[in-house]
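Visitor: Using the numbering used here, read the sequence shown as starting at 1 and increasing by one per residue.
One thing to keep in mind: the hints can contain errors.
Unchecked claim - Have a look at the derived ranges for each label pair, beta carbon to beta carbon:
no. : residue 1 : residue 2 : range
1   : H71       : F32       : 23 to 29 Å
2   : E97       : E20       : 42 to 48 Å
3   : Q24       : K80       : 34 to 40 Å
4   : R51       : K28       : 18 to 24 Å
5   : E77       : A101      : 24 to 30 Å
6   : H102      : R12       : 21 to 27 Å
7   : N116      : E40       : 36 to 42 Å
8   : L90       : C112      : 15 to 21 Å
9   : Y99       : T8        : 31 to 37 Å
Since the hints were made in silico from the structure, they are not lab data.
Even glycine gets a Cβ: it sits at the ideal position worked out from N, Cα and C.
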Amino acid sequence: MLVYQALTGQHRPLSMRELEYKLQTLDKSSIFRVLTLFLEHDVVHAVEDGRGVELYELCHHDDDSDHMASHLHFYCEKCKRTYCIEEMPLPAVELPEGYHAHSMSFMVKGVCPECNKSH
1 MLVYQALTGQ HRPLSMRELE YKLQTLDKSS IFRVLTLFLE HDVVHAVEDG RGVELYELCH
61 HDDDSDHMAS HLHFYCEKCK RTYCIEEMPL PAVELPEGYH AHSMSFMVKG VCPECNKSH
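Model the full assembly from the supplied sequences, consistent with the hints where possible.
Guide: Written out as structure tokens, the structure is:
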């Protein structure tokens, strides 16, 4: 429940390090086990931010049919944060015959509005 609550209400995915900081009463291995279980049951999904860091966020779909319908992620090269761009769904991708996708992520890199203002 603590891991779920830490992810609830976030407007961006969180790294393992950020979850450890938020959940100082839990050790890293416990958080990792919970995230693994959540991933297996589609409670959370993970996205790699382009630096090799895995980020986690709650899935907001109601059933398995929506599992592939995801959203764009934006990585700010200044503040090093990743943001969810919910209002922009990922484009449909048609794979060659014989290929079957299980997940898809789309990461755009640049500068977020906050960092752009301070520039």
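Visitor: Run every hint past the structure and note whether it holds.
Guide: Tested hints:
Distance hint check for H71 and F32: the Cβ-Cβ separation is about 25 Å, which falls inside the suggested range of 23 to 29 Å. A beta carbon spacing of about 43 Å between E97 and E20 agrees with the range 42 to 48 Å that was offered as a hint. A beta carbon spacing of about 21 Å between Q24 and K80 contradicts the range 34 to 40 Å that was offered as a hint. Remark: the range hint 18 to 24 Å for R51 to K28 is upheld by a beta-carbon distance near 19 Å.
The beta-carbon spacing between E77 and A101, approximately 28 Å, falls within the hinted interval of 24 to 30 Å. At about 23 Å, the beta-carbon gap between H102 and R12 stays in the expected band of 21 to 27 Å. At roughly 38 Å, the beta-carbon separation of N116 and E40 lies within the given 36 to 42 Å, and the hint holds. Between L90 and C112, the C-beta spacing of about 20 Å keeps the proposed range 15 to 21 Å intact.
Taking 31 to 37 Å as the suggested C-beta distance range, the pair Y99 and T8 conforms, at roughly 35 Å.
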